[in-house]
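Enquirer: Here is how the chains run, residue by residue.
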Amino acid sequence: MKFSQEFEQRFADMLTHYPTKRSALVPTLLYAQDEAGALTDEVIVELAQRLDLTELEVRNVISYYSMLTTKPRGKYNVQVCTNIACMLRGGEELLNHCQKKLGIGHKGTTQDGLFSLEEVECIGACSWAPAVQVNYDFHENLTVDKMDQVLDEYKKKGTM
Amino acid sequence: MASLVSHPDEVRVISKRFGQGATDIDRYLQLDGYKAVQKALSMQPDAIINEVKNSGLRGRGGAGFSTGMKWSFVPKQSAKPKYVLCNGDESEPGTCKDRLIFEHDPHSVIEGVMIAAIAVQSHTGYIYIRGEYRYLSVIMQKAIKDAYAKGFLGKNIFGSGYDLDIYWHGGAGAYEVGEESALMESLEGKRGVPRIRPPFPAVVGLWGGPTVINNAETLAAVPHIILGGAEWYAGLGTPKNGGTRLFCLSGNLNKPGVYELPMGYNLKKMIYEVGGGIPNGRGLKAVVPGGSSTPVLLPEEIDIPMDFDSVGKAGSMLGSGGVVVLDDTTCIVNFALRTIKFYQHESCGWCIPCREGTDWLKKTLTRFHAGAGLKKDIDNIYYLSENMLGKTFCPLGDAAAMPTMAFVKKFRKEFEDHLDGKPCPFEKAADRIPAMA
Ligand SMILES: Cc1cc2nc3c(=O)[nH]c(=O)nc-3n(C[C@H](O)[C@H](O)[C@H](O)COP(=O)(O)O)c2cc1C
Ligand code: SF4
Ligand code: FES
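So the protein lines, in turn, are chains G and F.
Numbering follows our numbering, with no gaps: position 38 of the first sequence is 38.
In our numbering, each number is its position in the second sequence, counted from 1, plus 160.
Hints were generated in silico from the structure; no laboratory data involved.
The structure displayed is predicted, hence computed values, not measured ones.
Backbone N, C-alpha and C define an ideal beta-carbon position, used for all residues, glycine too.
Honestly, I wouldn't trust all of these hints.
Label-pair distances were calculated between CB atoms; the ranges are [stated by the list, open to error]:
id, chain 1, residue 1, chain 2, residue 2, range
1, G, Met160, F, Lys199, 30 to 36 Å
2, G, Gly113, F, Lys429, 36 to 42 Å
3, G, Asp152, F, Lys310, 32 to 38 Å
4, F, His505, G, Ala38, 46 to 52 Å
5, F, Ile356, G, Thr54, 23 to 29 Å
6, F, Lys199, G, Ala38, 57 to 63 Å
7, F, Lys400, G, Phe7, 37 to 43 Å
8, F, Ile356, G, Gln49, 31 to 37 Å
9, G, Gln49, F, Ala239, 28 to 34 Å
10, G, Pro19, F, His505, 48 to 54 Å
11, F, Leu387, G, Ala12, 36 to 42 Å
12, F, Ala309, G, Phe7, 54 to 60 Å
13, G, Lys156, F, His505, 43 to 49 Å
To give a feel for the contact side, a few chain G residues facing chain F, derived at Cβ under 7 Å [what the hints assert, rightly or not]:
id, residue
14, Phe7
15, Phe11
16, Leu25
17, Leu30
18, Val61
19, Leu88
20, Gln111
21, Leu114
22, Ala129
23, Val134
24, His139
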């Protein structure tokens, strides 16, 4: 398993931050997933070994956190918040629109692997609702038109 | 990046440096940064704690516990290392304020953690930021690095002989991890299942050592209190509710946004003047005053000061500062359903009343809203919630039960309007997106 130099540097630093190795697990899993696309068997074995954990211990943690996944998502993971503040300003309509436009449902991935879609809980953008996160980027105060623009831009970027 | 707003009634303490480029450490220094911690280093630890106690600062994470009091519970002598843990998991629906602090003034959080550490004589702090806030984690990592480079962190800080390390930490998606004991589990690399209390974290916390856990906004207030004095800070708010707080106005408002207002600011004024009132000529139906777990208030209940005690007296809670405004096209049954869906999803599953209760409520409300409700469901929804209240392992069960009970109690008629196969009376009432654009 090969991670970037940045990953290795951060990981080495992190191990000096805690009295136990295991403490580095949660953030490390997320950074590893970002590089590998998913927490594959290979990644899990590698991290378990590095942190002196069993594979099962690592899998147990993975299944708890909603951002962590063992299955690859699309290149752009479109996360639509439908929680209360977004719901009041059209979050559900936005989700329906994305489903239609992308032709996929909750946790689905388009055939070209470009997009996946997720209905998510509050992402801390309530005052700028309705809001969507594409991977880690926030898109706020959305309308259906603005959502289309956002998706089109990612499509262009992803097929370049 | 989240956009900033302003209103003449704002009193800017926490948000003083927003939009001023204070992520840059030199700019932060120009704006009185890292002065408070140097002052704290010259004070007796007990004097710092007393100052914070007298300021009337109460936890901005939700429960509103006195911050100085919390710090005073940390034992003076401890065989195990003591820790300070900043809670930046910010996931209570309606809440989006810690995000702005991390984005615009990360050093104020670092400085707050430093002062808390000095007050309880701890040498290690952690700043936990939810996984979704990756860009803020990047900002924080840089801020910490810059503070080390200046010698503000590490060995012998500011030449005082005091050693202090602060590290960032990241989550990976889980509301429950915001609960203080689950937060510690998560930081220790485990599932976010809460711990039994007592012992409280102040006595037995991270890796068994005494641990102070505070919300990011609480900690960001501390340097201002040390510099400005307890009396000044307390005077900004109402008795026993010192200072200001970041109110996150959201929902059906003309000018939603995060505004810093004095504690005790009138809720009605907050909605109609600061938030600009309800758009599209619609009426006010209800207000969720402090994040999704707080009981809903009716329009006739909102002429109240927004401080912990007054909102408590009105039968709700000031909570996390998330004020969610519902206009009269909102279906309360659907709103209650969305609220409970969240708690069902986030329940960690450890204890039965919460795991089964939220699931049962979700199923009942889903069926009910879809038009297959029975009259007895209404009482059942209330009864189920009532039976979770106070009977769960951590307060997430209460957070699910309290709002649900209030929805049923205050909007029973609307539940009844969904009976007998009648379609939801609000289904077609509003085309939300174009109306808001
Ligand atoms: C289910 C649940 C979720 C919570 N989420 C958060 C959170 O995201 N951020 C936070 O600061 N406090 C949260 N809290 C409150 C914390 O348990 C804790 O009381 C708080 O961080 C203490 O800081 P304070 O005294 O400064 O408010 C949550 C509590 C519960 C029960
Ligand atoms: S109340 Fe809910 S979240 Fe808290 S321990 Fe029980 S199951 Fe877990
Ligand atoms: S409810 Fe959607 S971001 Fe908070």
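Enquirer: Each hint: holds or not?
Expert: Status of each hint after checking the structure:
| no. | hint | result |
| --- | --- | --- |
| 1 | G:Met160 to F:Lys199: 30 to 36 Å | 54 Å, violated |
| 2 | G:Gly113 to F:Lys429: 36 to 42 Å | 51 Å, violated |
| 3 | G:Asp152 to F:Lys310: 32 to 38 Å | 45 Å, violated |
| 4 | F:His505 to G:Ala38: 46 to 52 Å | 21 Å, violated |
| 5 | F:Ile356 to G:Thr54: 23 to 29 Å | 25 Å, holds |
| 6 | F:Lys199 to G:Ala38: 57 to 63 Å | 49 Å, violated |
| 7 | F:Lys400 to G:Phe7: 37 to 43 Å | 48 Å, violated |
| 8 | F:Ile356 to G:Gln49: 31 to 37 Å | 32 Å, holds |
| 9 | G:Gln49 to F:Ala239: 28 to 34 Å | 33 Å, holds |
| 10 | G:Pro19 to F:His505: 48 to 54 Å | 33 Å, violated |
| 11 | F:Leu387 to G:Ala12: 36 to 42 Å | 37 Å, holds |
| 12 | F:Ala309 to G:Phe7: 54 to 60 Å | 22 Å, violated |
| 13 | G:Lys156 to F:His505: 43 to 49 Å | 33 Å, violated |
| 14 | Phe7 | 13 Å, violated |
| 15 | Phe11 | 13 Å, violated |
| 16 | Leu25 | 4 Å, holds |
| 17 | Leu30 | 5 Å, holds |
| 18 | Val61 | 6 Å, holds |
| 19 | Leu88 | 4 Å, holds |
| 20 | Gln111 | 26 Å, violated |
| 21 | Leu114 | 21 Å, violated |
| 22 | Ala129 | 6 Å, holds |
| 23 | Val134 | 12 Å, violated |
| 24 | His139 | 11 Å, violated |
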